Amino acid sequence: MKIYKEKVELKSDTQIEFIDITEKVQKIVENSGIRDGQVLVYAPHTTMGVVINHNESMLIQDFMRILYKLIPVDDQYSHDLFELRREQKADGRSNGHSHCKSLIMGTSKTIPLEKGKIMITAIQSIFAVEFDGARKRDIIVQVIGE
Amino acid sequence: MKIYKEKVELKSDTQIEFIDITEKVQKIVENSGIRDGQVLVYAPHTTMGVVINHNESMLIQDFMRILYKLIPVDDQYSHDLFELRREQKADGRSNGHSHCKSLIMGTSKTIPLEKGKIMITAIQSIFAVEFDGARKRDIIVQVIGE
Amino acid sequence: MKIYKEKVELKSDTQIEFIDITEKVQKIVENSGIRDGQVLVYAPHTTMGVVINHNESMLIQDFMRILYKLIPVDDQYSHDLFELRREQKADGRSNGHSHCKSLIMGTSKTIPLEKGKIMITAIQSIFAVEFDGARKRDIIVQVIGE
Chain A
2 MKIYKEKVEL KSDTQIEFID ITEKVQKIVE NSGIRDGQVL VYAPHTTMGV VINHNESMLI
62 QDFMRILYKL IPVDDQYSHD LFELRREQKA DGRSNGHSHC KSLIMGTSKT IPLEKGKIMI
122 TAIQSIFAVE FDGARKRDII VQVIGE
Chain B
2 MKIYKEKVEL KSDTQIEFID ITEKVQKIVE NSGIRDGQVL VYAPHTTMGV VINHNESMLI
62 QDFMRILYKL IPVDDQYSHD LFELRREQKA DGRSNGHSHC KSLIMGTSKT IPLEKGKIMI
122 TAIQSIFAVE FDGARKRDII VQVIGE
Chain C
2 MKIYKEKVEL KSDTQIEFID ITEKVQKIVE NSGIRDGQVL VYAPHTTMGV VINHNESMLI
62 QDFMRILYKL IPVDDQYSHD LFELRREQKA DGRSNGHSHC KSLIMGTSKT IPLEKGKIMI
122 TAIQSIFAVE FDGARKRDII VQVIGE
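Protein chains in written order, with the working numbering: chain A, 2 to 147; chain B, 2 to 147; chain C, 2 to 147.
Just so you know, these hints were derived from the structure itself, not from any lab.
Same chains, same names: a pair is fine if it fits in one copy or spans any two.
Pairs of lysine-lysine residues, derived as DSBU-like cross-links and limited to a Cα-Cα distance of at most 30 Å, are as follows:
#	residue 1	residue 2
1	Lys137	Lys116
2	Lys25	Lys118
3	Lys116	Lys8
4	Lys6	Lys137
5	Lys28	Lys118
6	Lys70	Lys12
7	Lys116	Lys6
As the structure is a prediction and not an experimental result, all values here were calculated from the model.
With these hints in hand, go ahead and build the complete structure from the sequences.
Below you can see the structure in the form of structure tokens.
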């Protein structure tokens, strides 16, 4: 039984962004030498998410629209007022909505492996989702197995 | 330390459906011979979810109503237009809403084991949730432990 | 490879409550003696959630507001009517909304370890989220690794 871990470094270019990291995760599984087991993809952040879905550009528009509808950017978030009032930003952003989006979407996914490959189909992609860009980010990819 | 994996084959009968797979997951844990560790229940699909909650038929109506309210079937989804325009359906369905539901609900759950049993109470069930039926589906159940 | 498990006992004081269990989880990781691997934090309940985010009191107000907005307490839930009609409460509460909140938020999180520490930053906390308090609850914390 082996445990292997690598960091993926990313740069988001806009406020909300779906970044496809499928190939990077598969590469890390290969680097690990582990062929049977599972991979954990984890964002050590409070304003990001990790999801698995179809990488189709118009579908990603739908995801954005649903996120804006459920958790609007232009609502009033107490977290933003708090940071303004203190004149010291706890995490450097007016980003109440970003934390709420992360809360709903979740910050990790676990995927089983088979013969050294992550068990996803042709229409599944693994996305790191930025809710508070643009900025540099890292994602932890941990492989457990043999 | 052992790793064991089995596929559960399902058939959904309608568009949105909560399919209780608790007994099937428990049977696979028994087949594995693993008594301590955890089980990963994973849907390798972009229009399904995996959740744990109470299997009570009127509560499942509530789940359906909440899903319809948050992500309405009768909204306009770009993904559907894209597929119509191409006259070639990327995944064979007018199912933008189904992908969005899967995004929010998540496609796997991990549950600890104790003495060869999944650690759930009498009112917890494991559901594979169909968002784009009726169709055949498979779910991956992976047990890790000893 | 070792597997270690401990129960965290909690008491919620109000209906909806974010309970920070980060230090308790870290303590259990230390009790396990495991330095590399991962920790699973799992609520064996149908009206709780487990999430990771920033423990900032005004942000937690935002989380509450978003939860109330998406899944209102004052909607009519079939699950509540079912329990009233039977004059026997399946799980002892008029709590349809609580089950729905748990469904959306998810009941576990997995976090990688590094040198015996859970891999979270200074602004990340692990919360057990009560959706149907006040009551006693337990959370399962399982550590796997070496």
